[in-house]
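**Q** Residues per chain are reported as follows:
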Amino acid sequence: MAAAIEIGGLAKNFVNDAGPPVLGAVDLTIAENEFVVLLGRSGCGKTTLLNIVAGLEQPSAGIVRVDGAPVTGPGAGKGMVFQQGALFPWLTARRNIEFAAVNRGVASEAAGKLADELLALVGLAGSEHKFPFELSGGMQQRVAIARALALDPKILLMDEPFGALDEITRNEMQDELLRVWAQRRKTVVFVTHSIWEGLILADRVLVMAPRPGRFVLERRIDLPRPRRRSDPTLVALYDEIWTCLRGEP
Amino acid sequence: MRSRLAEWLVPIGALALFLALWEFAAAAGWLRPIQFPPPSKLARTAVTLAFDGFPEGITLWVHAGITIQRILAGHILAVALAVPLGLLTGSRPLLDQMTAPIVAFCRSVATLSLLPLAIVWFGTGEGAKIFLIGYGCFWVMFSSSIAAVKLVDPVLIRAARTMDADEKTIFRQVILPASLPRLLSGARVALGVGFMVIVGAEMIGTIRGLGSLIMEARTFYRTDITMVGMLCIGAFGLCVMFALARIEAWLVPWQAKQEAQQQ
Chain P
27 MAAAIEIGGL AKNFVNDAGP PVLGAVDLTI AENEFVVLLG RSGCGKTTLL NIVAGLEQPS
87 AGIVRVDGAP VTGPGAGKGM VFQQGALFPW LTARRNIEFA AVNRGVASEA AGKLADELLA
147 LVGLAGSEHK FPFELSGGMQ QRVAIARALA LDPKILLMDE PFGALDEITR NEMQDELLRV
207 WAQRRKTVVF VTHSIWEGLI LADRVLVMAP RPGRFVLERR IDLPRPRRRS DPTLVALYDE
267 IWTCLRGEP
Chain B
1252 MRSRLAEWLV PIGALALFLA LWEFAAAAGW LRPIQFPPPS KLARTAVTLA FDGFPEGITL
1312 WVHAGITIQR ILAGHILAVA LAVPLGLLTG SRPLLDQMTA PIVAFCRSVA TLSLLPLAIV
1372 WFGTGEGAKI FLIGYGCFWV MFSSSIAAVK LVDPVLIRAA RTMDADEKTI FRQVILPASL
1432 PRLLSGARVA LGVGFMVIVG AEMIGTIRGL GSLIMEARTF YRTDITMVGM LCIGAFGLCV
1492 MFALARIEAW LVPWQAKQEA QQQ
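The listed protein sequences derive, respectively, from chains P and B. Following the numbering used here, the numbering of the first sequence begins with 27 at its first residue and continues without gaps. Following the numbering used here, the numbering of the second sequence begins with 1252 at its first residue and continues without gaps.
Because the hints were derived from the structure by calculation, they are not lab data. The C-beta atom is built at its ideal place from N, Cα and C for all residues, glycine as well. Hints should not be assumed to be uniformly reliable.
Unchecked claim - Here are the in silico distance ranges between beta carbons for each label pair: (1) Gln-209/P <-> Met-1349/B: 45 to 55 Å; (2) Asp-201/P <-> Gln-1348/B: 48 to 58 Å; (3) Met-1349/B <-> Ala-190/P: 31 to 41 Å; (4) Glu-1418/B <-> Ser-68/P: 26 to 36 Å; (5) Asp-201/P <-> Cys-1357/B: 50 to 60 Å; (6) Val-1354/B <-> Pro-46/P: 40 to 50 Å; (7) Asp-93/P <-> Pro-1344/B: 28 to 38 Å.
Construct the entire structure; sequences and hints are all you get.
**A** If you want it as structure tokens, here you go:
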């Protein structure tokens, strides 16, 4: 499989901050259509890493390549889903998705069709004309996922997208995401601080430690999906990751 | 439905009780009529003002109409100037830093203290009055517009950038609609300032307008007319604020919902 994302010697220091770097020099290669989860406590640099891959933040050193081309800014086939959803509250679900499509040059009629298609994909057919404030948190994140997919991105970056949801909705959304992902294969980089979320979703889990932000544990999970939390392999992995996280200062 | 009714009944009942106590206190001789004319007297005065007018021939409607015209003229001019300038200033940190002390200074200057200057600059005609109202409204609207831009949730702008939106699209389709709720509430607060400034602005060079009605009545010790004038301004203010709040809820429904969730 070809590499979808190559990260080499990536470092980040905040301006006017003498402490250890937010992100040490990290290297990571992510294969096409791979589902990678970045796991760690708050402040370990996982979101910074994601933002740099998205082109929303500039690295202090190092390089990110998506499909072989260096990242110079946001957009251009890098879809992103934020924790707060970040839907435009003045636009309906359908219009939110159209915004993404129209900006990448899709004609407005085709954008409308695409929006309907994506809403159906995320299980929201019939809610086209609802505004975000009329949707539950889980439904808002479904729209956010559909909106990111409307960019027809090669890679999908997800920054704790289910972090604000209750556990029941969260588990449902994990299943939903896997169902959507099975239909629209993408390279996914998913940031979370839930160990179980990582184990349920990922092809590969990377555990990060803070200051300097770095990878301290890497585990590949080859189990078929959907996965059961009672699976002994996952239970053993949970213990291993928890021990690793707890060991940090 | 019952709770809606109760919602209205409670304040109306409280008002009726207040008026009844006032009337009773006046009838019992506890309140001097020259200081606190009873509600029944105010009602009669209002009717006289509405039909005969004061001074003779200038009815309450004429006074109210001219006052509202002045407030609207000043307010609309101020908003038309303040919104574009405020949006520009809010989106340019350097400009914002430069203007911050000026805004704080000008907002602190009591609008009516500019009355003598306004007369020197614009004479005693309509110009001075509209200038004073406009001045009061402008600084409120200007600082609301600056705040509106600065308080746009940055994640919305980041999201737009991940969707290939260019700067122009971000300004028009993200920053503008996202600042709309604060612009509208700023316009509402500015209008309130207009209602406060008007009485002072109408103290000079005119016998028409609710402000001049109040001042004229003072000359003749007509406390009842002063009070009716005040009530008129208050009632207009109340109606306009209520209408604007409804328009806001209709234009930016997501904001009302967000505020309700935060409470």
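**Q** Which hints from the list above does the structure break, by number from lowest to highest?
**A** none
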